[in-house]
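Residue numbers (our numbering), protein chains in the order written: chain A, 1 to 629; chain B, 1001 to 1629.
Read the hints as simulated data drawn from the structure, not as lab findings.
Errors might be hidden in some of the hints.
As the list claims (entries may be wrong) - Derived coverage of chain B by chain A (criterion: at least 3 residues anywhere in the stretch with Cβ under 8 Å from a Cβ of chain A; other residues may be distant):
#	region
1	1316-1325
2	1610-1623
To be verified - Which chain A residues stay away from chain B? Per the calculated CB distances, all over 12 Å, these:
#	residue
3	Gly58
4	Leu109
5	Ala312
6	Arg318
What the hints assert, rightly or not - Below, a sample of chain B positions facing chain A; criterion: calculated Cβ distance under 10 Å:
#	residue
7	Ile1153
8	Thr1290
9	Phe1420
10	Tyr1587
This one's a predicted model, so the numbers in the text were calculated from it and none came from an experiment.
Ideal placement from N, C-alpha and C gives every residue a C-beta, glycine not left out.
The lines below spell out each chain.
There are 2 protein chains.
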Amino acid sequence: MDIKLVTGKTLTISEGESLLHALKRHGIYLVSSCGGKGICGKCRVRLVEGNARIESSGTLQPSEIDAGIVLACQTFPEKDILIDIPEESKLVVGEKIALSRSGELIELLKSYNVEIQPIVKHITLNLPPPTIDNNISDLERLKRALLEEKDIIGIRFPNEFVSSISKILRDAEWNIALRYADGHDAISISPADMDMDKYGIAIDIGTTTVVVYLVNLKDGQLIDVGSTYNSQIRYGDDVITRIIYVTESKGLGELRDSIVSDINNLLVPIVESHNINREDIESAVIAGNTTMSHIFWGINPASIREEPYIPAVTFFPRWKAETAKIEINTKSLIYTVPCVASYVGGDIVAGVLASKMHRKSEVALFMDIGTNGEIVIGNNEWLVAAACSAGPCFEGSGIRHGMRATEGAIESIKIDPKTFEPVCKVIGDGEPLGVCGSGMIDAISEMFLTGIIDRKGKFVRSTRTGRIRDGTDGPEFLIYKKDGREIVLTEVDIENILRAKAAIYAAVSLLIKEVGFNLEAIERVYIAGGFGNYLDIDKAIILGMLPELPKNKFTILGNASITGAYLCLLSKDLRREAGVIASKMTYIELSVSRGFMDEYMSALFLPHTHLRLFPKVKQLILRSKNLGK
Amino acid sequence: MDIKLVTGKTLTISEGESLLHALKRHGIYLVSSCGGKGICGKCRVRLVEGNARIESSGTLQPSEIDAGIVLACQTFPEKDILIDIPEESKLVVGEKIALSRSGELIELLKSYNVEIQPIVKHITLNLPPPTIDNNISDLERLKRALLEEKDIIGIRFPNEFVSSISKILRDAEWNIALRYADGHDAISISPADMDMDKYGIAIDIGTTTVVVYLVNLKDGQLIDVGSTYNSQIRYGDDVITRIIYVTESKGLGELRDSIVSDINNLLVPIVESHNINREDIESAVIAGNTTMSHIFWGINPASIREEPYIPAVTFFPRWKAETAKIEINTKSLIYTVPCVASYVGGDIVAGVLASKMHRKSEVALFMDIGTNGEIVIGNNEWLVAAACSAGPCFEGSGIRHGMRATEGAIESIKIDPKTFEPVCKVIGDGEPLGVCGSGMIDAISEMFLTGIIDRKGKFVRSTRTGRIRDGTDGPEFLIYKKDGREIVLTEVDIENILRAKAAIYAAVSLLIKEVGFNLEAIERVYIAGGFGNYLDIDKAIILGMLPELPKNKFTILGNASITGAYLCLLSKDLRREAGVIASKMTYIELSVSRGFMDEYMSALFLPHTHLRLFPKVKQLILRSKNLGK
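Using the sequences provided together with the hints, build the complete structure.
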């Protein structure tokens, strides 16, 4: 039987084979956090023509089922079918990103003026073959050569390593290449004349999104990128609900398994499509917030949530891939970017490293806007950090038609102030599938400037447009409609977004106060976060998420956490530098500060209760209201 | 239903329960290398009265079956039965030995003038509890206290350790006891007020016999002893046949599993009967020959057998119990007494350590007589070693009625030169069950002196006794007969023993020559080996196994390998000393020496071809021949 794709491609499928399985066989990988059990509801495809046996529809809505949506893992075609795979169901859109980012990353690495020194080192040794008179054991012979030829002492030899040496030494005729780790663990030996490839992976474990970079450790080339939702989402939207799940439902194992299988699922297509031997992936770096890092390593994060908010560990030892159950060389070492405190993790340390603010004398503000908002202020002498909970809305979660900033996402919107008709720009320039964080910010600021919503984010029902209507969740604005597909932004969505931006703004202003500064003293603002590449700074200021500062002071970093992880994967000096950043950074717990709630309440308005803080936005409002009339 | 023992005890048994299982439930452990599969044939008991369903008789001989012998694992009683358990079927005769040896071992340890310092150390720490202002992570807090309070730095923290700390630190209210290893691995933490027991095990892995000592690490007390046959025997009698099994039948895993389950089987009854928590057994030492040490750790010993005879490893890293699959605290470390070369292993290094010859200026000869014979000559300045293959006969294997030196073994024999009637001394003073090594040596030298056998070890058929008769293997001498039970020594047995003694004598004399000495220069001879405690030096000289030297030069050490392992378990200094012994010892490969075969052939006679080497034995022969007439 055949599967036809609306794009024109035709693939074979066997009787009794699931659609998910058949697609995978042909190199098309769908998101499948539950591993094909019909639970996660992520492997959606649209059945355009033909019949199939459908074992379960999982949590699909009746409207979706009516529209022909099926779960690929539960669908067994009975004759030829025609399907359409939505972009959000595809696991990897990475190679294109990788190709476009690779040069930029290599340039960045060069700009630090450090050597490429991965976690695992390679050396070659030429041992004297044994004789009756020179009859020391194989391991002693190796140790002696390490000491005498390379001045290396104190390497630890695991049992499996020693079990392998006798045969390899003889097969290699005593000319061998040794892989060993910075921290002095022997990883493997092989004949010296085999030119070993070496790869590493950098992983950003966000509360909502997981990103994996596959990197060639010889030259720093970014080979491929994979990203997906963190499937822990089903247990809670933010770190607090996940910690509660761990403590009250004993769910540490489940959460750990979720993130580990997300990562392994991302690795499969990347590794297969580039024909890479998993054994040659010999190191990994993870950057995640403190809770994510704990869960990844199976360490109970309970005390993070209990006053005085102490994590079990901030500087993680280098443990092996087999401990993490990440499917690369089992003996390879995983470096965890060190965390600062319970609510400022390795993702922020990695981000600061990628921003270089810690190397410069100018006072800078670093903002990482994800499910948590973390703010760092400082320079090459001092660094102070704080955190707030923003929620996952900017990553598309909890918003009716929200999605991550991947192909098909509306990344910017312009609304005509007279006709109220929106014009959308879509990532990849195809048909829109949803709205990503930057699109939401655009939409709200445009709706505000055109008077569609008021300063509280409520719809002005007198606006002369048919696009404001009552939906199942209350009032909503119709952004897009074509062939029965609609994209809306609801008043509930807007409330969510306002709460998120208020938390971020409150944290920034309180932190600046706490360190005795004012806004004018900030010489630079770095914006990090998954949506960051598409972010319109002006619109974010109108929203009141970012403080009103001259636009040229802002630098958009994108996902700075994965960039920092990439840097740590390649350079020993930068791993050390990450350690210095984490040690140096002082964490301030804002939740115990009385001022926080006041700041937050004031920031819930558009752009803010106190318009004097946003003088230019104020002018803009005045002008656009005139225009709107 | 009931099982009655001939000793008077009564135990319950359920329908469908095997005899082996029921006995175990009541604390009576039988040898069961195959784990109750009816294969190893070791769990023999005699059914005196009553009926039972017998599933298999395994390799039992028809005569044994006629005598009521059954395999306990294959026997399911159907009504009350009366049974007799032969001593050789009982797994442990250890506690008595332990009680009698404990004081002697503690005295020996004291005589070295070293502190008790096991592999795992215990320290207590009182950490400052965290506050909002003092909010470093739990692990950093622990590391800081280690450095500031105890000056300890560089400990490695495994993932499981870090996973456990947060809860324990809080439960313990920040007063904790830390177990960590010499080599800087954190093992576990617990509340400081729990007085932790600490135990260790010393293991001697012989080619034929395995011995386990359970030791209290606080005071060095020997709590219990277990010993059994090394069940690798089923794959071959000596190290060479076992290496062949590994290389030709890919049997490394099987051999490894055999020895590991032997050790674990010995541990079960010991640990249970003393109510010891396995978690509190926190270190182990193994001493074995080089092949046994390799197999124990799953390292292929193939190159040991190939010229130039190079082992994979002689100084084994300290790996964990979980790697070895020994059922003690999984994180505890196992120290392997270092080996010298392919045919001189950790058992010899341990033995030399126990002999103290390496601390004295007198030139001594150390002989370990087991399945391999190893000879060391030297003093506190130099040590030279050689090895030969003796075969397992002195440990009871390959001899018709041979057995280990445990209860029921004939340990000495006196034969009346006129009547040729033997008088036997039995270990434990009960009925004899077989002959152990020392009994064989006695028997042959007595038979020789009384003219029952000639200098070639052949029976003199003209001897006026009915005890020489023709058996299934040819001529044999009836040592014991009662109630249908017979114990004989056959001409084939004698040949085996002569070959073993000849190999040992040849190795001794060749080694002495190689180092440029002669017999007279030897100031002391240490005899080690499982049978050693019962060995009659005079008889061993008459046999021609030991060189003829004044009796007061001989010191019998017994199983010196397990004694050395015990010493290493308790003292860091003695572990270091073992390393020095292994480094210092020079190994000479006798098999490449042309003289060996000549020496061996000459030594096949009783006591030797050249009677001038045994002047006193020569006189004795002349005198006893006169007496015999």
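*Per the CB criterion, is Tyr1587 (chain B) less than 10 Å away from chain A?*
Tyr1587 (chain B) check passes; min Cβ-Cβ to chain A is 7 Å, inside 10 Å.
*Classify the hint on Thr1290 (chain B) as holds or violated, based on whether any CB of chain A lies nearer than 10 Å to its CB.*
holds, 9 Å
*Is the Cβ of Ala312 (chain A) more than 12 Å away from each Cβ in chain B?*
violated, 4 Å
_Gly58 (chain A) non-interfacial with respect to chain B [C-beta, more than 12 Å]_ = holds, 33 Å
*Just checking, Leu109 (chain A) versus chain B, shortest CB gap more than 12 Å?*
Holds, since 29 Å exceeds 12 Å.
*Would the stated hint for Phe1420 (chain B) survive a check requiring a Cβ distance to chain A of less than 10 Å?*
violated, 50 Å
*Can you take a look at whether the region 1610-1623 of chain B is actually covered by chain A? Rule is 3+ residues, C-beta closer than 8 Å.*
That given contact is violated, which follows from only 0 residues of the region 1610-1623 of chain B lying within Cβ reach (below 8 Å) of chain A.
*Establish whether the coverage given for the region 1316-1325 of chain B by chain A is satisfied; the threshold is a Cβ-Cβ distance below 8 Å, and no fewer than three residues must meet it.*
holds (count 4)
_Exclusion check [Arg318 (chain A) not at the chain B interface, CB over 12 Å]_ = The claim breaks: Arg318 (chain A) does not keep its Cβ more than 12 Å from every Cβ of chain B (closest is about 10 Å).
*asked:* Does the closest beta carbon of chain A sit nearer than 10 Å to the beta carbon of Ile1153 (chain B)?
replied: violated, 14 Å
Checked against the numbered hints above, the structure violates hints 2, 5, 6, 7, 9; every other hint is satisfied.
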